Amino acid sequence: MTDTLLAAFALVFDPYVLVVMVAAGAFGLFVGAMPGLTATLATALLVPITFFMEPIPALAAIVSTTAMAIFAGDLPGALLRIPGTPASAAYVDDTYKLTQAGKANLGLGTSLVCAVLGGLVGATILAFTAPLLAEVALSFSTFEYFWLATFGLTCAAFVSTGSPVKGLVSLLLGLFIATIGIDIMAGQPRFTFGSVELMGGVSFIPAMIGMFAVSEVLRWALGTTGGRDQMAKVSQASGSIIRPGLASLRRYKLGAARGSLTGTLIGILPGAGADIAAWVTYAISKKASKEPEKFGTGHVEGLVDAGTANNASLGGAWVPALVFGIPGDSITAIVIGILYMKGMNPGPMVMLNQPELLYAVFLAFFVANLLLLPLGWVAIKSYGQMLKVPREVLMPVILLLCMVGAFAINNTVFGVTVMLVLGVVAFIMEENGFPVAPAILGLVLGSMVERNFMQSMIKADGNLLAFFERPIAAGLGVITLVIWLVVVVSAVRGRRRVPPVLATTPNE
Amino acid sequence: MRFNDAILGLVILLGGLAIVLQASTFPATHGQVYGPDFFPTIIGTGLILSGLVLIVAGWRARAVTGWVDVAGHRIDRLVDAGLALLAILAFILFVDRLGFVLTAGLGMYVLLVRFRGGHWLSSLVIAVVLVLVVDWAFRTMLLVPLPQGHILPRLPW
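So the sequences go chain by chain: A and B.
My numbering puts the first sequence at residues 1 to 508.
My numbering puts the second sequence at residues 509 to 665.
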């Protein structure tokens, strides 16, 4: 145990890794602070670069980038009323009204201190639960993995905001894309239409670059999301930042505790990430508050809850990713892709064979969140300069990096084609209220569901009841089926009152 | 660009149907109940059902939402987005022949001039510097074999 920890320390406190983390942190702050550019997009853009790194600096870079990007999303929210990432949307009214009242330092200070606290709590929970869960996971067979993956997909489709039918369509689309290529069990080519390149399947890194980055460039070009027309004057945060932040933390201790715990739990849930964590905890905070009427008017209480929650969820999302290979959100979906490319199949075996690797990831989380304090402070102070980077130049640069990144995964132009097609598909989906995250999870988990199903059925000789014969499998199976039942029943009941399709919601 | 849910539902339904039909041509695996067609058939069926739900919902809401809503998109913005897509398409089609520097450089130049509304000369400088930096970073530092093409000589790095 101590040997492992020492080895992990040596891995993370390597000057190269630390420099990578600071650089990745600065990159994350910049991307997160640009309205419309999300933490997932930052991760997707990092992939081609991490591809050429050792596993530890690669993972540390992603941990650092995302922690910074989720906080940085609060900057344009507070100063321009445009949330930088969807995770900051829940409390944008509060932080912006604080800025209007001349208290930008209070709003941003609170959000910075809360982000650090939430990140540290999320990392702690990750460090303690992942090894425990991994022990349990060692006894898992294909039956349990089938249900785990199915449970993850179910959450992805229905936990996300918006209409459940559209979530389901998005999920099915992702699952369909995952079936393209040579079938792993029988060697049958499926949906390849004679194309040799499709035989190998659709690699999901180019797919994700398309779905998150290309669609974003298109949205910006069309002026649909914030930024293109509304670069008004930027307010600056003056005065001390950390002190008022600590003061609001002290005042709403309970909210911070609640936010970080709920946030981590939502992060652990497959398919639900930082944005849902922020929305849910903001709502909980409002319900529990003594002065709910002040929410949305420049009140820091909800900001404490949701600001801790969105950063805490990042650590939580790594729990199922590292233990079971099931992504907790779209960022860890990319992480799993990177792990596979590096020949490390995420799952409980990593815990047995390379425990120092996991502890290094946990340590990277602590380091990243501690780095967030000074780097975040610098970002708040220099936000005016950051916004001077012209978007008309930035967007072509992103597009160029996307093309090179999609090319670099397999060194073929085919990756760029995948990126283009799925970028357009994702753009149309989001314009029409279909969430994109379920498609990503479907794409990542599709082959896992199918493989575990087929292997189970070979073992059980085609007897479906075998899926309920082992206790954990039966438990997971019942939970999954109950979620489906509840969604279908409430959809049938709800239809009479409101047509659910009219609901348009913010999503990634 | 927003479509009525009925239109999207129809597309989804037809897509699901095509998947189911295509899957039905997959040969069964000998001695096993579930073959390679099993999952695609479930996925296709799910898409057909979801498509039906969307068609019904969209039909009911047609009075409120209309069929297609392109309002809010100005023509010049559509051109911007179209050019971004064209730049990617040109990269796919020509990069092997023209090489990375030329294809990406031209694409970037067109986009920069268009997005920045002119600035022909400074855009040219930005595009050239940008592409050379990316070429150096990815080809030399990260060892990505970016296509060389047959026109420009090999760059010295």
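FYI, nobody ran anything at the bench for these hints, they're computed from the structure.
A few of these clues could be false.
To be clear about the criterion: a stretch of chain A counts as covered by chain B if any three or more of its residues have a C-beta under 8 angstroms from a C-beta of chain B, and this derived list gives those stretches [stated by the list, open to error]: (1) 42-56; (2) 182-191; (3) 379-389; (4) 408-414; (5) 448-455.
Listing some non-contacts, in silico: residues in chain A with all C-beta distances to chain B over 12 angstroms [stated by the list, open to error]: (6) I177; (7) R219; (8) V424.
No experiment lies behind these values; they were computed from the predicted model shown.
Think of the CB as a built atom: it goes at the ideal place given N, C-alpha and C, for glycine as much as any other residue.
Checking against the hints above, which ones are violated?
3, 6, 7 and 8
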